Amino acid sequence: MDSRIILGAIIVLALVLAPAVLSPALVNAGIQMLIASLFACAFSLLCGQAGMLSFGHSAFFGVGAFATVHAMNAVGGAGLLPTPFMPLVGAVTGLLVGLVAGWFATKRTGVYFAMITLAIGELLYSLAPHLGGWFGGEAGVSTMRMPAFGLSFGSNVQVYYLTLAWVLLCLGLLYLFTRTPLGRVALGLRENTRRLRFLGYNVHMASVLVFAVSTMFAGVAGALQAINIESANYVLFNLDLSAEVLLNSYIGGVTFFLGPAIGAALMTFFGYVVSDLTTSWLLYKGLLFVAVMLFVPRGIAGLVQTVAASVRRCGFGALAASFVLHGVAAALLACGTVFSVEMLQRIFSQDYLSLARLGGKAWPAISLFGESWRPLAAATWLVPLVLFAIGLLVLREAMRRWRAAIEAATRGSDEANDPAVASGAST
Amino acid sequence: MDYFVVSLLNGVIYGLLLFMVSAGLTLIFGMMGILNFAHASFYMLGAYFAYALQPYLGFWLSVVVATALVGLVGVVAERYFLRPVHKYGHAHELLLTFGLSFIIAEFVKLFFGNFPVNYRIPASLSFSAFQIGPSTYPFYRLLIGAVALAMFVVIYLLLTRTRVGIIVRAAIHRPAMVEALGHNVPVVFMVVFGVGAALAGLAGAVAGAFYTTNPNMAIELGVMVFVVVVIGGLGSLEGALLASLLIGLITSFSIGVDYSMASLLALVGLGDWAREVGGLLTLKLSSLSGTIPYALMLVILLVRPYGLLGEKE
Amino acid sequence: MNAQSALSLRGVRKSFGSIDIINGVDLDLVPGERHALIGPNGAGKSTLFHLISGQLGLSAGEVFLGNQKISGLPPDRVNHLGLARSFQITNVFPGLSVFENLRLAVMRQHGLQYVFWQSIARRTQVTRETRELLERLRLANRASTLASELSYSEQRSLEIGMALASRPQVVLLDEPMAGMSREETDYAVDLIRDITRGKTLFIVEHDMDVVFGLSDRISVLVYGRIVATGTPDEIRSNPVVKEAYLGEETA
Numbered sequence: 004m005d006s007r008i009i010l011g012a013i014i015v016l017a018l019v020l021a022p023a024v025l026s027p028a029l030v031n032a033g034i035q036m037l038i039a040s041l042f043a044c045a046f047s048l049l050c051g052q053a054g055m056l057s058f059g060h061s062a063f064f065g066v067g068a069f070a071t072v073h074a075m076n077a078v079g080g081a082g083l084l085p086t087p088f089m090p091l092v093g094a095v096t097g098l099l100v101g102l103v104a105g106w107f108a109t110k111r112t113g114v115y116f117a118m119i120t121l122a123i124g125e126l127l128y129s130l131a132p133h134l135g136g137w138f139g140g141e142a143g144v145s146t147m148r149m150p151a152f153g154l155s156f157g158s159n160v161q162v163y164y165l166t167l168a169w170v171l172l173c174l175g176l177l178y179l180f181t182r183t184p185l186g187r188v189a190l191g192l193r194e195n196t197r198r199l200r201f202l203g204y205n206v207h208m209a210s211v212l213v214f215a216v217s218t219m220f221a222g223v224a225g226a227l228q229a230i231n232i233e234s235a236n237y238v239l240f241n242l243d244l245s246a247e248v249l250l251n252s253y254i255g256g257v258t259f260f261l262g263p264a265i266g267a268a269l270m271t272f273f274g275y276v277v278s279d280l281t282t283s284w285l286l287y288k289g290l291l292f293v294a295v296m297l298f299v300p301r302g303i304a305g306l307v308q309t310v311a312a313s314v315r316r317c318g319f320g321a322l323a324a325s326f327v328l329h330g331v332a333a334a335l336l337a338c339g340t341v342f343s344v345e346m347l348q349r350i351f352s353q354d355y356l357s358l359a360r361l362g363g364k365a366w367p368a369i370s371l372f373g374e375s376w377r378p379l380a381a382a383t384w385l386v387p388l389v390l391f392a393i394g395l396l397v398l399r400e401a402m403r404r405w406r407a408a409i410e411a412a413t414r415g416s417d418e419a420n421d422p423a424v425a426s427g428a429s430t
Numbered sequence: 589m590d591y592f593v594v595s596l597l598n599g600v601i602y603g604l605l606l607f608m609v610s611a612g613l614t615l616i617f618g619m620m621g622i623l624n625f626a627h628a629s630f631y632m633l634g635a636y637f638a639y640a641l642q643p644y645l646g647f648w649l650s651v652v653v654a655t656a657l658v659g660l661v662g663v664v665a666e667r668y669f670l671r672p673v674h675k676y677g678h679a680h681e682l683l684l685t686f687g688l689s690f691i692i693a694e695f696v697k698l699f700f701g702n703f704p705v706n707y708r709i710p711a712s713l714s715f716s717a718f719q720i721g722p723s724t725y726p727f728y729r730l731l732i733g734a735v736a737l738a739m740f741v742v743i744y745l746l747l748t749r750t751r752v753g754i755i756v757r758a759a760i761h762r763p764a765m766v767e768a769l770g771h772n773v774p775v776v777f778m779v780v781f782g783v784g785a786a787l788a789g790l791a792g793a794v795a796g797a798f799y800t801t802n803p804n805m806a807i808e809l810g811v812m813v814f815v816v817v818v819i820g821g822l823g824s825l826e827g828a829l830l831a832s833l834l835i836g837l838i839t840s841f842s843i844g845v846d847y848s849m850a851s852l853l854a855l856v857g858l859g860d861w862a863r864e865v866g867g868l869l870t871l872k873l874s875s876l877s878g879t880i881p882y883a884l885m886l887v888i889l890l891v892r893p894y895g896l897l898g899e900k901e
Numbered sequence: 012m013n014a015q016s017a018l019s020l021r022g023v024r025k026s027f028g029s030i031d032i033i034n035g036v037d038l039d040l041v042p043g044e045r046h047a048l049i050g051p052n053g054a055g056k057s058t059l060f061h062l063i064s065g066q067l068g069l070s071a072g073e074v075f076l077g078n079q080k081i082s083g084l085p086p087d088r089v090n091h092l093g094l095a096r097s098f099q100i101t102n103v104f105p106g107l108s109v110f111e112n113l114r115l116a117v118m119r120q121h122g123l124q125y126v127f128w129q130s131i132a133r134r135t136q137v138t139r140e141t142r143e144l145l146e147r148l149r150l151a152n153r154a155s156t157l158a159s160e161l162s163y164s165e166q167r168s169l170e171i172g173m174a175l176a177s178r179p180q181v182v183l184l185d186e187p188m189a190g191m192s193r194e195e196t197d198y199a200v201d202l203i204r205d206i207t208r209g210k211t212l213f214i215v216e217h218d219m220d221v222v223f224g225l226s227d228r229i230s231v232l233v234y235g236r237i238v239a240t241g242t243p244d245e246i247r248s249n250p251v252v253k254e255a256y257l258g259e260e261t262a
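Residue numbers (my numbering), protein chains in the order written: chain V, 4 to 430; chain D, 589 to 901; chain C, 12 to 262.
In case anyone wonders, no lab produced these hints; they're calculated from the structure.
Some hints here could point you the wrong way.
Derived DEER-like restraints, expressed as beta-carbon distance ranges [unchecked claim]:
id: 1; chain 1: C; residue 1: 159; chain 2: D; residue 2: 767; range: 42 to 52 Å
id: 2; chain 1: D; residue 1: 717; chain 2: V; residue 2: 258; range: 35 to 45 Å
id: 3; chain 1: V; residue 1: 140; chain 2: D; residue 2: 852; range: 21 to 31 Å
id: 4; chain 1: D; residue 1: 591; chain 2: V; residue 2: 179; range: 54 to 64 Å
id: 5; chain 1: D; residue 1: 859; chain 2: C; residue 2: 26; range: 29 to 39 Å
id: 6; chain 1: D; residue 1: 804; chain 2: V; residue 2: 80; range: 29 to 39 Å
Source: prediction; values computed, not measured.
Backbone N, C-alpha and C define an ideal beta-carbon position, used for all residues, glycine too.
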């Protein structure tokens with residue numbers, strides 16, 4: 004427990020000091036990462052803790068954003084509240100809209116619930132462009148941050164600190180929520196609603212409340228975004244954003260409280276860094292998500308937990324070799340994937356296809372990673388094939404060693420617990 | 589009158605198209621308890637495969653081959669993606685199908701570009717069937733409807749008149765029992781999944797030529813298909829047909845209606861006030877035509893939560 | 012309607028389509044008694060429990076909890092009014108610890124289900140009651156184990172515990188001892204006897220030793236009808252009961 008508090012303190016300290024050492028572009032990335040983390044944790048309250056899968060959570064992010072923009076424009080542009088308190092508008096909006104939407108949605112469970120949330124999101128997305136007064140049509144609505152308490156909020160460093168403060172506060176509140184009775188009931192909703200009923204709980208009411216808490220914090224995330232980019236557009240209601248928070252959360256792992264935050268932070272960061280280098284970032288993200296769902300169902304956080312438990316059991320030394328091999332395998336498989344995707348992306352791009360048609364049978368070479376590759380040459384495709392083959396072999400060896408280490412440790416502890424062995428009796 | 593007939597035809601045909609895609613979805617859900625988020629992606633793949641093959645195989649052969657290819661994709665998806673995660677529960681399966689739909693869309697963008705492609709009806713089929721008032725009604729639209737109807741009849745006969753059909757229907761209700769009787773239920777599941785996918789692919793191959801073929805078509809149709817199965821009742825083929833036609837007709841008829849709440853209120857003299865208030869009150873029904881199905885779904889959920897023809901769980 | 016009975020069933024019928032499962036049951040439970048329900052398999056015992064606890068709707072008839080009509084109410088209302096049940100097939104919260112399982116049951120009775128402004132740990136009364144329950148169920152050393160990882164009989168104990176945690180006036184136990192060893196059964200019987208003191212117990216069981224040793228009265232359900240009600244001795248010597256269980260030859 005103590006080590007976790009220390010780790011947490013270090014991370015918070017790092018987050019506080021970050022703007023001093025990072026470029027403005029990275030500070031921007033940092034703001035996006037924080038907002039995505041909060042959104043993911045709010046989402047995970049509903050999905051991971053209460054077991055209610057929502058495909059339309061961007062709706063609440065969006066209404067939080069729009070409400071905040073309008074609040075910022077209110078009172079002749081001065082704003083309904085001082086800028087640092089604006090996210091409250093997002094919270095209230097998210098809460099109220101969530102209560103209404105949740106009341107409908109939680110009338111059903113499981114896949115029905117998921118589809119209802121999808122439909123509510125799409126409903127908003129199809130309705131918003133027509134309601135120009137609220138949603139500003141195609142162009143959206145924009146605003147300007149007003150100074151408050153002696154701060155101008157002109158630079159993004161100040162916006163960063165505002166975002167950081169609110170995200171830390173909300174994450175803290177979300178954590179405390181899990182310790183309250185309602186937070187415990189949420190877990191019961193995931194585990195066995197039938198038994199909850201027989202224990203006297205009004206499952207519908209409880210579901211609506213948990214839903215509304217989740218959407219409230221989603222609204223805060225939306226508000227922070229509105230403050231950050233000083234605008235809101237109906238595109239926020241798109242399935243893309245709902246998909247993004249879903250992928251982020253599950254890649255991170257919803258069984259661990261901060262898992263979704265980790266997933267969101269990592270994915271947002273990579274998206275920022277990588278989206279200049281490739282147009283296929285979303286494909287990579289999707290492939291990662293499917294891989295996680297298939298092979299690492301508890302996400303990155305779950306993986307870390309499992310690894311930590313194994314290290315505690317076997318000692319780091321026994322597992323060191325396996326770690327290295329796992330890393331090598333991951334690198335090889337990643338390289339193979341990236342190579343294939345990037346080659347295919349270039350081959351099938353409009354420019355290249357026209358070039359190929361002009362050139363007839365001889366398709367021109369493609370330059371990638373500083374080398375020149377002929378798309379029709381077998382050697383070109385041998386590269387990813389070899390990478391995949393070796394990667395899989397290394398992975399198999401890595402897993403074999405891991406399993407062997409675990410078995411050895413288990414045998415060791417069994418022998419230690421076996422009274423005959425422990426007392427030194429000969430076998 | 590002309591407007592009525594055209595809207596009726598359009599509505600029925602769009603409804604039948606929805607049914608082609610939702611039939612597989614509702615069957616798969618009824619049998620395997622999986623809501624396949626990627627089902628509409630199969631629809632999209634059908635269109636894209638047919639488009640890619642058309643220059644080499646001509647229209648009809650491309651449609652057939654595309655359908656078979658999508659069926660194959662469905663079989664692979666079930667065997668290698670869905671089956672391994674079955675043990676983690678329904679929510680996990682749903683998420684996986686969501687992931688599949690995501691990467692299918694991204695692959696389509698990778699190979700074909702992030703914009704609509706020029707998948708067109710061949711000239712031989714691009715004529716008009718008959719005159720309706722001042723305009724003509726395209727034959728191809730009727731063809732879409734005919735394909736959907738033929739498909740429904742074939743499926744219905746297969747399920748009710750053949751031995752395989754009986755096994756499949758039994759597996760929908762009592763998979764464990766069917767397995768105990770010696771049938772290879774996993775194979776049955778795989779085949780049904782593949783056939784469901786192929787149907788969606790067929791719908792895409794045929795409809796994509798008429799409507800637009802673009803990387804978003806899965807989402808656009810997909811959400812509507814989900815609405816259809818919720819309204820019709822998950823697992824009910826008849827419900828899917830009824831709900832599809834209902835949605836098709838409502839959408840089709842409301843597109844041409846340029847009245848709004850304000851027009852209604854004008855009847856009682858509140859027209860000007862309503863127009864001043866603006867917002868929702870001045871929204872024309874035609875603009876809302878895409879939104880009405882969602883509203884209908886919400887109403888059904890309040891009044892009849894298991895859908896029009898669904899069964900209580 | 013007898014205002015003094017803890018639980019009354021009046022002309023209760025249940026049909027599924029054309030099949031009648033429950034064919035007119037009239038029963039009154041005396042407050043504080045331990046009443047067993049026995050009968051051949053398929054007689055409808057679990058169905059009767061479903062009808063009483065609100066899981067299934069009645070086709071005809073009424074059920075009263077004391078003076079309060081509970082037929083037609085949803086399960087959470089019925090529980091709130093003072094009736095709890097356990098399940099024949101273990102129905103707990105598998106991914107939560109044993110402690111959490113019981114705490115959820117205890118929490119409800121303190122009216123805490125919607126509280127989000129206070130940590131549950133601050134409610135020491137809830138924690139204390141949960142720990143007491145854990146002790147009595149002999150699950151104290153398994154408090155932090157996940158319910159899904161318990162042994163079968165431990166799960167059955169938890170199952171009983173969750174029904175009793177809600178401090179009901181009337182408890183329905185559906186084959187609580189199924190699958191338990193002799194020793195576990197004996198302990199469970201003592202536990203049930205102890206923990207249901209002053210409450211009314213309605214129990215379905217197949218273990219005849221338990222039935223005859225634990226109950227004040229026994230009712231016999233055959234093909235959806237109660238064919239006999241009486242003290243253990245009366246039932247033991249009742250020819251109709253013998254016939255129902257053993258067939259006509261021994262009558």
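A quick look at each hint next to the structure:
no.	hint	in the structure
1	159/C / 767/D: 42 to 52 Å	violated, 25 Å
2	717/D / 258/V: 35 to 45 Å	violated, 58 Å
3	140/V / 852/D: 21 to 31 Å	holds, 24 Å
4	591/D / 179/V: 54 to 64 Å	holds, 60 Å
5	859/D / 26/C: 29 to 39 Å	violated, 56 Å
6	804/D / 80/V: 29 to 39 Å	holds, 37 Å
Comparing the model with each earlier hint shows violations of hints 1, 2, 5; every other hint is respected.
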